[in-house]
Amino acid sequence: MADEGKTRREFLAATGAVAAVGLLSSCLDERLKDVSKEELKSRIAEMEAGYRQKYGKEVKVSDAEPLPGVAFAYALDLSRCVGCRRCTYACREENNISRDGQLFWIRVLEMEKRKGVDFAHANAYYDAEKVPRDGHFYVPVSCQQCDNPPCTKVCPVKATWKEPDGIVTVDYDWCIGCRYCMAACSYGARHFNWKEPELKPEEINGTTHVLGNRPRPKGVVEKCTFCIQRTRAGRYPACVEVCPVGARKFGNLLDPSSEIRYIIEHKRVLILKEELNTMPRFLYFYGT
Amino acid sequence: MNGKSLLILGFLLLLCACSRHPESDYEAEPSWKAPPDEQKDLALEVPPPPFSEGIFPCSECHKDLETNPNRRKLEDAHDDIVLTHDEEHRWCLDCHDAQDRDKLHLASGAKISFEESYKLCGQCHGDKYRDWRFGVHGRRTGLWNGKKGYLLCAHCHNPHQPHFKPIKPLPPPVRPEVSHGR
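Top line first, the protein sequences correspond to chains A and B. Position one of the first sequence corresponds to residue 1 (the numbering used here), numbered consecutively onward. Position one of the second sequence corresponds to residue 1001 (the numbering used here), numbered consecutively onward.
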């Protein structure tokens, strides 16, 4: 009897100690957002070494910070888009997205002209000989980079947040894969890696950002980051450059001479699900 | 300073205030401003025009040919060109210059090179031209906060048949229920 009590006391003490150590170490660990510059550098070095080992290829991971005085915004010309899906594939290559064929950060929705913008009857799986098809128009939807993002609010571990330049990012090392953010997103813009991403070494884009297109593990959520690895270096997102009809526009909302400001001031602008007050930084407009 | 000179100074100040143009206070900002590059009247940097192979310079063949200014169906050369661009009202020499075969001309008669063909297009399509100068019509490459790559109208639109032709889309995403069976 006495022996049993002692065992239980020992057991409790032991489990308590283990729990305390676990709790302490998890408190010491931090999100990419919170770590010091030196810590971030060392984590990036670890990541790069990991990729070198896994893919046998040099993958450069940048930690470029938001540019001061910059708030990114995007505008897509619905009167031009023909639904050719060049953007979805350029995005997949640029952002090291799994080649399984299911996961795309951009989904092009085909809608009927007589119904207008109607998500209930939109079709992302249209397979046409030629586009645009008569009586249809096309609405590519990716992350709307909301100024008031529902997805970041529901994350139980705060692994996703809005950066000062407006890009909503995911810390892939902190994400627990609960997919609450996917449920909260009103645009279906977040995607989950159900399996290990299919990515051959020769397909990898080695220019990456720590909060963007660096290769992801299985079991985390990912999404469009306005090509953070490009746009924080002054370049246009990959989808802007590839669009054969020039329907995609990108720039700094705070710069009065930017394309975005011109569009807002001179064109008819539409916001998807405006009534939800998500305040997207992604606008749609009619260029004609 | 005595009282008299103060009086004169006051009078002069009053005169200055009154002589300001009365309307100058009401001049509103124009609702549309020329884009920065147009204000400076800089030529835009564009890639070379998309000539069919071996077609330019036009004078290569035309230097020995007498110009026939009559509108007609072309049979000896350029018979592959089908004009569906306000063809009722126009034909070759409305844009291509008859004297200098390596040039285009504007409605004013001013000759322009093929590199500046956007000026020719802009004569009728003024709204598109303006949007293009601002970077809103057409494809852009380069830097959103710096040097941008422009394309000529003719890089995307065939000037003789400017309407876009339908293109083949890339494959649709794989439906989740399909790949689950794999």
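None of these hints come from the bench; they were simulated from the model. Honestly, I wouldn't trust all of these hints.
As the list claims (entries may be wrong) - Pulled from the structure, derived: some chain A residues nowhere near chain B, Cβ distances all over 12 Å: (1) Lys33; (2) Tyr55; (3) Lys60; (4) Glu65; (5) Gly101; (6) Leu103; (7) Ala128; (8) Tyr138; (9) Pro156; (10) Ala183; (11) Lys249; (12) Ser257; (13) Ile260.
Stated by the list, open to error - The following label-pair restraints were derived from C-beta to C-beta distances: (14) B:Pro1176 with A:Asp147: 25 to 35 Å; (15) A:Ala184 with B:Thr1141: 27 to 37 Å; (16) A:Glu198 with B:Asp1094: 52 to 62 Å; (17) A:Asn277 with B:Lys1168: 34 to 44 Å; (18) B:Gly1142 with A:Gly135: 46 to 56 Å; (19) B:Lys1168 with A:Lys195: 41 to 51 Å; (20) A:Pro201 with B:Lys1111: 27 to 37 Å; (21) B:Thr1084 with A:Gly219: 36 to 46 Å; (22) A:Lys115 with B:Ile1112: 39 to 49 Å; (23) A:Ala183 with B:Asp1094: 57 to 67 Å.
In this text, a Cβ means the ideal position worked out from N, Cα and C, and glycines have one as well.
Practice item. Would you list, in rising numerical order, the hints stated earlier that this structure does not obey? Key: Violated hints: 5, 6, 7, 8, 11, 12, 13, 18, 19, 20, 21; rest satisfied.
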